[in-house]
Amino acid sequence: MASWPTSPNLIGKPTRRIDGPLKSQGRAKYAYDIVRPGMLYGSVLRSPHPHARVVAIDLAEAQRAPGVRAAIPVVDLSNPEPLTHKVLFQGQEVAAVAADTEEQAIDAVRMIAIQYEVLPHLATVEQGLRPEAPRVFPDGNVREANVLEEGTVDAALASAAHVVEGFYSTQVVTHTSLETHGLVCEWDGDNVTAFCSTQAVHSMRDGLARGLEIPQANIRVICEYMGGGFGSKLGTDNTDIICAKLAKQAGRPVKLMLDRKEEHLATGNRPSAYARVKAGLDAGGKIAVWDCETWGTGGAGSGAGFPLPYNVYEIPNRRRRHKDVYINAGPQRAMRAPGHPQGCFITETVIDELADRARLDPLELRLRNLPAAAPDLMWIAYFPMGAEKIGWSRRHPFGDPTPGPIKRGLGCAANRWGGGGSRRTQGQCEIFPDGGVIMRIGTQDIGTGTRTLVKIVTAETFGLPLDAVTAEIGDTRYPFAPGSGGSVTVGSVTPTVRVTCENALAALAEKVAPALGVEPANVTASNGRVHAKDDPSKGMSWKDACKQLGTASITVDGQWEQGLSSVGTSGVQFADVEVDIETGVTRVRKIVCVQDCGLIMDRLTAESQCYGGITMGIGFAMFEHRLLDRVTGQMVNPNMEFYGLPGLSDMPEIDVTLIDQPERGVVGLGEPPTISTAAAIANAVSNAIGARIRHLPVTPDNVLTALEQQRAGGTL
Amino acid sequence: MAPNDDFSVSRRDFFKSAGVGGLATGLLSQVELRAQTGVREVGPGAVQIQLTLNGQRHTLSVEPRVTLLDAVRTRLNMTGVKRVCDRGTCGACTMMLDGRTVYACSILAIEAQGKAIRTVESLGTEAAPHPVQEAFCEHDALMCGFCTPGFVMATTALLERTPTPTPDEARHALDGNICRCGTYKKVLEAALATKGVRRG
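Chains as they are written, first to last, in numbering that gives the first Met the number 0: chain R, 0 to 715; chain W, 0 to 199.
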């Protein structure tokens, strides 16, 4: 049974990212940077219409254009099923070309002649919900879920001491990975190698096999470095298949990288969330009841699920009716903690409203309604820690009484996430006679530091310095590891590496034990030596030990084991903001984050996950919004200047406290820190201005509207 | 075409020629127009240009519409700087032109002739990284790394001008670069902690 070392040399220390030099020197090769001999550039013609039927595709002129080597239709008009001839969102793929240069490919795409029959579209959830709306989706525009009910909601509402009622919403945001989706495909006979920007090399391979109808064994997917995915790069896209088909037709490698507009339109987004909530507090300050009607859109034919009430506080009576509303917009994809930031924002806002209504400190209300502490439910301990750090004791009640236009406020929110590890994960370790070590595992580093963690655990297990071992990842030729989504990478990969390296050490011990004159079971490795466990003086250097292998290296497999990782994290965040109530402009002054994540592998990269999650949370809270024109259905900000990502000058002071729980083993950290940032900020803004923020993002016009409504009669 | 020809078009020349063109349509031939404005027309086909990149002269053939970024990335295969927004917002393509940071996606390659162009590849080597690169690694000022070369260039340009910037100066200088992973806090730390950048 594998276990983690009790006094590690590397695990839990701040270790520099091993690919830092390559990345900072511009030498790391991303899919975008791959160049293959004779490589062509692909470009895709996309529907300008949010809803249309493709009637005819004429590639002839494009095929004759300078430099063009391949041209294919994507919408297959020979398909007898007429539904497949439809495009359901602006930016859906219709046809594609490959040419010698990128400029030629873009020119040729313009020469493709498409006849569309433009159909009525739905650009907003309001349009989709109207009974007289055109039926745009074959099974209807709205998918209604079963009513979920626990307890006795109506009775609890009738007997509640305080009831608040409100309408809340969060906007659609896009992943906006800096490296757009894309790949380079190169065929060799029936085999294809794909250099992809992906979060999952193995599922990319399987998706390519399905899409191209070729054996999985004929496909190799490589992803050495990738420029961000945040959930949008977990599957195989139409454009991946298109790229392979273009390369096949041209008989040359093809690079197909999306441009920024395509990325916004067609590679996923976080669905919107809307909720009408009625919640009640009993006379003892316990949240007694939660009744809500919710809806949202995940675009064309995609759901908009989010947890509500967010499952942190104990609420005995709850009821929910949910509808997914389909509109003609790019379909949603998992985005960093899918559903959680939306559910957290709405829930934590209602909690603050209940506290204000009952004239209770919102922190006190939270503490009264949290579950008892457990290793994965530690909010009751973390809230007071965060409160101390943000200076909660100086918090004023609803509305900053200070004269002047600049108002300050504090807010807080909790988060939770699962994580865990996949038991299907496998690894392979090779020890060479000259002492070299290669650890191979088919995971990928999406910017979280996975490659560094593989190296840390390998070196730790063999008692070697970090640079004495090599980590090989990002290739389907290496043993299976799951996609990097759901914060499962660290919980899948590091236990597997540990088990594999322990197996390899046991195999080495078999060879070395005779020379040491001890039983193999009594052999271990530490401080660059292989030695007897009970007598460290009986040993030899790592290099000498490996010489015992003779001429053949040993290659040992390993499989994920239970007991080295856990499921479940908890954390809290606090925000300190200032708002100019004349202009509506909000500045976040400080975010405090208290977050656990089990056994920390690399303190430096773990902290970075928190900073990163908070930064993305600030974008969601304050700036980002996929805006569709309600008349044309076109995205009006499919770029980076009007989409609105936070920059360095938008960054507040960020105070991160990581809680070590080494006894729990590793737990993923990619998602939890981004969940509660927006909720904490919005609560802080409400606390500052004395008017309730119920809609994200907290733009100046949202702030001024909230103030206006407050003056016009009050929202409390 | 002589390789040393300068095709650069200033904004002033552009407005001058555009204005004349607008007024004189049908009155003056293209040839007469060119003679009067002094603006020479090139393209739309490929033209030969010379770029001085990291101290080395490169002769290449590009259409006038090709950006400096694309020329460097796809013609010279120097892929250190990245293409992200492709319209002058994110800074991932930051290069230095005669010592000033520019968005290489928003400059035509033909306009960059005769200027000293520096890319991230000019900073340090594998064995001896530039102090800014060293600081980025030490402070974990990079995650996926796609914005990193641009940030490294912007930071280097700042420190070559202002070796000990205040936090506000650094924030201002680096505000033209976007990171999605959320490295800003660490980037600022790295920029403020870097020592030993020489005036460029």
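Simulated from the structure, these hints should not be mistaken for lab results. Everything numeric in this text was worked out from a predicted model, so none of it was measured. Glycine residues also receive a C-beta, built at the ideal position from the N, C-alpha and C atoms. Among the clues, some could well be false.
[Stated by the list, open to error] Coverage of chain R stretches by chain W, computed from C-beta distances (three or more under 8 Å per stretch; other residues unrestricted):
1. 94-103
2. 338-344
3. 400-414
4. 529-539
5. 601-609
6. 646-652
[Stated by the list, open to error] Chain W stretches covered by chain R per the calculated footprint, using a threshold of three residues with CB under 8 Å from any CB of chain R:
7. 46-60
8. 63-71
9. 99-113
10. 143-155
In terms of beta carbon proximity below 8 Å, does the region 143-155 of chain W have 3 or more residues touching chain R? It holds: at least three residues are needed, and the region 143-155 of chain W offers 7 whose Cβ sits within less than 8 Å of chain R.
Count residues of the region 601-609 of chain R with a Cβ under 8 Å from any Cβ of chain W, then say if the count reaches three. holds (count 4)
Using a Cβ cutoff of 8 Å, are there at least 3 residues of the region 94-103 of chain R near chain W, or does the coverage claim fail? Coverage by chain W holds here, the residue count being 3 at a Cβ distance below 8 Å.
Count the residues of the region 46-60 of chain W whose CB lies closer than 8 Å to any CB of chain R, then report whether that count reaches three. violated (count 0)
For the region 99-113 of chain W, count the residues whose Cβ lies under 8 Å from any Cβ of chain R; is that count three or more? violated (count 0)
Three residues or more, CB to CB closer than 8 Å: is that satisfied between the region 529-539 of chain R and chain W? violated (count 0)
Examine the region 646-652 of chain R: at least three residues should have C-beta closer than 8 Å to a C-beta of chain W. holds (count 4)
Outcome, coverage of the region 63-71 of chain W by chain R - at least 3 residues whose beta-carbon is closer than 8 Å to one in that chain: holds (count 3)
Closer than 8 Å, Cβ to Cβ, for at least three residues: run that test on the region 400-414 of chain R against chain W and report holds or violated. violated (count 0)
Please count how many residues of the region 338-344 of chain R have a CB within 8 Å of a CB from chain W and say whether that reaches 3. violated (count 0)
The structure fails to meet hints 2, 3, 4, 7 and 9 from the earlier list, while all remaining hints are met.
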